[in-house]
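Those protein sequences? They're chains A and B, same order as listed.
For the first sequence, counting from 1, position 281 maps to 280 in numbering that gives the first Met the number 0; every step adds exactly one.
For the second sequence, counting from 1, position 201 maps to 200 in numbering that gives the first Met the number 0; every step adds exactly one.
Honestly, I wouldn't trust all of these hints.
As the list claims (entries may be wrong) - Here are the simulated DSS-like cross-link-like pairs (lysine-lysine), alpha carbons at most 30 angstroms apart as the crow flies:
hint, chain 1, residue 1, chain 2, residue 2
1, B, K278, B, K307
2, B, K26, A, K167
3, B, K169, A, K28
4, A, K46, A, K339
5, B, K3, A, K345
6, B, K169, A, K21
7, B, K140, A, K24
What the hints assert, rightly or not - Distance ranges between label pairs, derived from CB positions:
hint, chain 1, residue 1, chain 2, residue 2, range
8, B, S15, A, E12, 46 to 54 angstroms
9, A, T328, B, N10, 22 to 30 angstroms
10, A, N34, B, E23, 48 to 56 angstroms
11, B, L510, A, K326, 29 to 37 angstroms
12, B, E331, A, G159, 54 to 62 angstroms
To be verified - These stretches of chain A come out as covered by chain B in the derived footprint (C-beta under 8 angstroms, 3 or more residues):
hint, stretch
13, 105-112
14, 235-246
15, 268-280
16, 320-327
17, 361-375
18, 440-452
19, 466-476
Bear in mind the hints are in silico, worked out from the structure with no lab data behind them.
Cβ atoms here follow ideal geometry from the backbone N, Cα and C, with glycine treated the same way.
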Amino acid sequence: MGLDIEANKKIIEEMLEAYPDKARKDREKHFEINNEELINCGKCSIKSNMKSRPGVMTQRGCAYAGSKGVVWGPIKDMVHISHGPVGCGQYSWGTRRNYANGTLGIDNFTAMQVTSDFQETDIVFGGDKKLEVICREIKEMFPLAKGISIQSECPVGLIGDDIEAVSKKMSAELGIPIIPVRCEGFRGVSQSLGHHIANDAIRDFLMGKRELAECGPYDINIIGDYNIGGDAWASRILLEEMGLRVIAQWSGDGTINELAIAHKAKLNLIHCHRSMNYMVTTMEREYGIPWMEYNFFGPTKTAESLRAIAALFDEHIQENCENVIAKYTPQMDAIISKFKPRLEGKKVMLLVGGLRARHTLGAYEDLGMEVVATGYEFAHKDDYEKTFPELPEGTIIYDDPTAYELEELAQKLDIDLMGSGVKEKYVYHKMGIPFRQMHSWDYSGPYHGYDGFKIFAKDMDMTINSPVWNLIKPSKTELLHKEEAGV
Amino acid sequence: MKDKIEISDHNSLFKSEPYIKQREGKKAFEAPCSEQETMEALAYSKSSEYKDKNFARQSLVVNPHKACQPLGALMAALGFEKTLPFIHGSQGCTAYFRSHLSRHFKEPAPAVSSSMTEDGAVFGGMSNLIDGLENSVALYKPEMVAVSTTCMAEVIGDDLQAFISNARQKGAISEDLPVPYANTPSFSGSHITGYDSMLKSIISTLYNRSGIQAVPGSGETTGEKLNLILGFEPYTGNFAEVRKILAAFDTKYTFLGDHSGNFDSPATGEYSYYYGGTKLTDVPKAANALGTLSLQKYSVKKTMDYIKGTWKQQTLSMSTPIGITATDRLIEAISELTGLPIPDELVDERGRVVDALTDSHPYLHGKRVALVGDPDLLIGLIQFCLETGMEPVHIVCSNGDNGFKEEAEALLAASPYGAEATVYIGNDLWHMRSLLIDNPVDLAVGSSHLKYAAKDAGVPLIRVGFPVFDRHHLHRYPIIGYQGALNLLTTIVNTILQNLDEDSSGFNHDLVR
Chain A
0 MGLDIEANKK IIEEMLEAYP DKARKDREKH FEINNEELIN CGKCSIKSNM
50 KSRPGVMTQR GCAYAGSKGV VWGPIKDMVH ISHGPVGCGQ YSWGTRRNYA
100 NGTLGIDNFT AMQVTSDFQE TDIVFGGDKK LEVICREIKE MFPLAKGISI
150 QSECPVGLIG DDIEAVSKKM SAELGIPIIP VRCEGFRGVS QSLGHHIAND
200 AIRDFLMGKR ELAECGPYDI NIIGDYNIGG DAWASRILLE EMGLRVIAQW
250 SGDGTINELA IAHKAKLNLI HCHRSMNYMV TTMEREYGIP WMEYNFFGPT
300 KTAESLRAIA ALFDEHIQEN CENVIAKYTP QMDAIISKFK PRLEGKKVML
350 LVGGLRARHT LGAYEDLGME VVATGYEFAH KDDYEKTFPE LPEGTIIYDD
400 PTAYELEELA QKLDIDLMGS GVKEKYVYHK MGIPFRQMHS WDYSGPYHGY
450 DGFKIFAKDM DMTINSPVWN LIKPSKTELL HKEEAGV
Chain B
0 MKDKIEISDH NSLFKSEPYI KQREGKKAFE APCSEQETME ALAYSKSSEY
50 KDKNFARQSL VVNPHKACQP LGALMAALGF EKTLPFIHGS QGCTAYFRSH
100 LSRHFKEPAP AVSSSMTEDG AVFGGMSNLI DGLENSVALY KPEMVAVSTT
150 CMAEVIGDDL QAFISNARQK GAISEDLPVP YANTPSFSGS HITGYDSMLK
200 SIISTLYNRS GIQAVPGSGE TTGEKLNLIL GFEPYTGNFA EVRKILAAFD
250 TKYTFLGDHS GNFDSPATGE YSYYYGGTKL TDVPKAANAL GTLSLQKYSV
300 KKTMDYIKGT WKQQTLSMST PIGITATDRL IEAISELTGL PIPDELVDER
350 GRVVDALTDS HPYLHGKRVA LVGDPDLLIG LIQFCLETGM EPVHIVCSNG
400 DNGFKEEAEA LLAASPYGAE ATVYIGNDLW HMRSLLIDNP VDLAVGSSHL
450 KYAAKDAGVP LIRVGFPVFD RHHLHRYPII GYQGALNLLT TIVNTILQNL
500 DEDSSGFNHD LVR
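Let the sequences and hints guide you as you build the complete structure.
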């Protein structure tokens, strides 16, 4: 049983006994079981955005991963320098699948690893001089690059380099925006601070810097969509079909110009609230642009969101909106009638980022699936407050769970599907538990919008109902151990 | 007939008309370069003027072919039984190492971090390390914890020896638990340097703790005859191949570092953090072996120096034994170190693989090849090319030193097939792009990271080395030993034949090749 409050409490208590006292006391605060009170008031009873315990195999990354890996990296017409030693840039190279149109290395620089490759001498003497040379060389090697961002790695902050001064100087010399981003990996407790830092840099260096030639009543921005597997494209198509004009995509397939003209929009639509809420609130404050959060996972949430968006515009848009929903509804019905019978009642556990663990719920529900445990790597209080009301009583909600906790829960809850990242994927394959990478869509996608839901449904069916899971047998050694233990 | 539901994913969806229209429409807000500008820049990027500028770069690094030290340290740690890799510093690095290794092997890569943040930067990471050791031992019950460092811990100068002994004093870990450590700053060397440092630390720590005094050749059982080191080895299949060869010799041996279990474990319905690996008690016993044979040179320099200096054994290092000649040397070395004759079955196997090479040589001969990889892999690949009649042309090694360059050049100079080759150390794959375009080749051999340059130059890529992210299971098939030579040959010749078929005009779409 997945949703029995008392039973689940017991599971968590027993599980946490494995920790030394100090760690156990801390970890206790990061679990909650959804109940009536939480559903009604959504009060945040769970500790979040706190330091991970040392030594526990957290799933979290760092500020650099949040800034370069998530926010800045997908901006395609800029060169993003991973400033510091080689590793960070190497490991984040091309792994998030932020699709972007253009010619790689000519007018699109997304799937590239540009680094200052710090050596010991750079640590001793500082990397500022080298950074100047690098900026000049970028201009020479990539003449069509419209800007440069400098993504600081740990040593840059520790040795006290003045990347701000270098940026200012080189920006003047080269005539393109050069933007310093202080996203050293040791800052904050997860990638979340990196998003915030990245957003601040966009605010300080690009926001409101350019004008849009012709403004219209239906101008909007897509904020917080990183175009993983083409998500933003599958979203944009619906908004445009509805008669809205998307003037900027932040930041998947985005350009420097889109960042700089976005303040001219009439409405900000934000998908990943966790990583870019700082931007929409800033634009609201500075330019009076209203914003709303939307959710394009699954037809129910997509239709709800489309209607909510249309409600902010005139009848013409509202009529178009209904037409769009009507156009896709038969396709969605066909998908659901095909896949729901295969997926109904399947139990899902999730651990994804700071948003998707709640955002994808609707898509699972549309297929008749039940999320029995969910949580986030790096969410904040507000994310949890929005999560409780979305889920039934008894659902386990966790913050920054460790590998050990997830594995224990997956087994105790007897789940049918785990959705998390690549570090976790193969663990669950060993355990015989179907798994989807819900960071990168497991090399599939898009998952957003109506076109995306078709792929989502197909992927979930393929994963859960694959006959390969039936082939897994315990090894002889395991059987022997069990026999010895009298199991 | 059932109604077919159209489900197109990113492979076809975005080629459809509405999305093409969307792409065109979006340009109104992108302030894009004109088509002409883009075409001109593309043409310029393929010019020899551009190539010269590319090679004149002083500081900019684009698409380098190397990872950083602690990733190698993690791999070394997973070569030992029930060993938990512990990375001291900020936590994002550990997430990256684990992801990177998982993407290559399609396997879990367990490791913990001490999760240091700003206060660690100010006050040092001692309490993080102590708490971290206590937590990780409680949760993951390792028999050894192997500590390596990230940049952060290195820059602030954390003293691992002192921290670990404080952790023991405070009772966070028991005296019995071996905690080897290695300083692995990412701002020097590469993943192979980190591998070496951690391997040496593990071996010396376990040896020093055992109280054993090395007496070479004094091993009481045959298990202590020969030690083998495979180094930073991205192929689990290579371990199996070496085992097969040693089984043919019927000799006992010890692998010093064997991560093949951890990176090729069975799906049984249960997950364990630890699979296989060198037994901790076997490490000090290895001090009494007749000798140690290393199948990589550049990735285990310090380790081999240690073994030679401290254990006073015979040592022999060779680069990744790819191809017939290099495998011959491997077999001879085993024979020399153990005093055992070369088994007939290996001679027969050799003959069969040579037979295959003679069958396929017309398609390989004179094929111009570009190579990218770690130093030891490249030495092996160069040897293989030269003995099959393929001609290495561009060789790029981002993490090679002068010693490697000299060795590679000497190897190339000794064969007429190496006459056109140039060896580049410290260069990156953006340099390789210029080389491939300026002086075209027939084949590129290297990791998945080479796919961008290969595509720009229109060269087929044979995926060999680390990391291979975009093809499945290649690491399970050995590339060393006679079997490895056959595997490489099969891949290469069939890629060439596939291309021949694709390029054929109707009349030469031959049935027999």
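Status of the hints after comparison with the structure:
1. Between K278 of chain B and K307 of chain B the CA atoms are separated by roughly 21 angstroms; this keeps the pair inside 30 angstroms, and the hint holds.
2. Between K26 of chain B and K167 of chain A, the direct Cα distance comes to roughly 29 angstroms. Compliance with the 30 angstroms bound is thereby established for this hinted pair.
3. Simply put, K169 of chain B and K28 of chain A have alpha-carbon atoms about 26 angstroms apart, close enough for the 30 angstroms limit, and the pair holds.
4. Between K46 of chain A and K339 of chain A, the direct Cα distance comes to roughly 35 angstroms. Violation of the 30 angstroms bound is thereby established for this hinted pair.
5. Taking the CA atoms of K3 of chain B and K345 of chain A, the gap is about 25 angstroms. The hint holds against a cut of 30 angstroms.
6. Our distance criterion of 30 angstroms between C-alpha atoms is met by K169 of chain B and K21 of chain A, whose separation comes to about 15 angstroms.
7. At roughly 20 angstroms between alpha-carbon atoms, K140 of chain B and K24 of chain A fall within 30 angstroms of each other, so this suggested pair holds.
8. Between S15 of chain B and E12 of chain A the C-beta distance comes to about 53 angstroms, which sits within the given range of 46 to 54 angstroms.
9. Against the hinted window of 22 to 30 angstroms, the Cβ-Cβ separation of T328 of chain A and N10 of chain B comes to about 25 angstroms, which satisfies the hint.
10. Judged by the Cβ atoms, the range 48 to 56 angstroms given for N34 of chain A and E23 of chain B holds: they are separated by roughly 52 angstroms.
11. In this structure the supplied range 29 to 37 angstroms is violated for L510 of chain B paired with K326 of chain A, their Cβ-Cβ distance being about 50 angstroms.
12. E331 of chain B and G159 of chain A have their C-beta atoms about 55 angstroms apart, which keeps the hinted 54 to 62 angstroms range intact.
13. Proximity of the stretch 105-112 of chain A to chain B, defined as three or more residues with a beta carbon under 8 angstroms from a beta carbon of that chain, is established by the 5 residues found.
14. Counting residues of the stretch 235-246 of chain A whose beta-carbon sits less than 8 angstroms from any beta-carbon of chain B gives 5, enough to reach three: the coverage restraint holds.
15. Proximity of the stretch 268-280 of chain A to chain B, defined as three or more residues with a beta carbon under 8 angstroms from a beta carbon of that chain, is not established by the 0 residues found.
16. Given as covered by chain B, the stretch 320-327 of chain A fails the check, having 0 residues with a CB less than 8 angstroms from a CB of that chain where 3 are the minimum.
17. With a threshold of 8 angstroms between beta carbons, the proposed coverage of the stretch 361-375 of chain A by chain B is violated, since 0 of its residues qualify and at least three are required.
18. For the stretch 440-452 of chain A, the assignment as covered by chain B holds, since 4 residues bring a beta-carbon within under 8 angstroms of that chain's beta-carbons and 3 suffice.
19. With 4 residues having a beta carbon nearer than 8 angstroms to a beta carbon of chain B, the stretch 466-476 of chain A meets the requirement of three or more and the stated coverage holds.
Figure legend: structure checked against the earlier numbered hints; hints not met, in rising order: 4, 11, 15, 16, 17.
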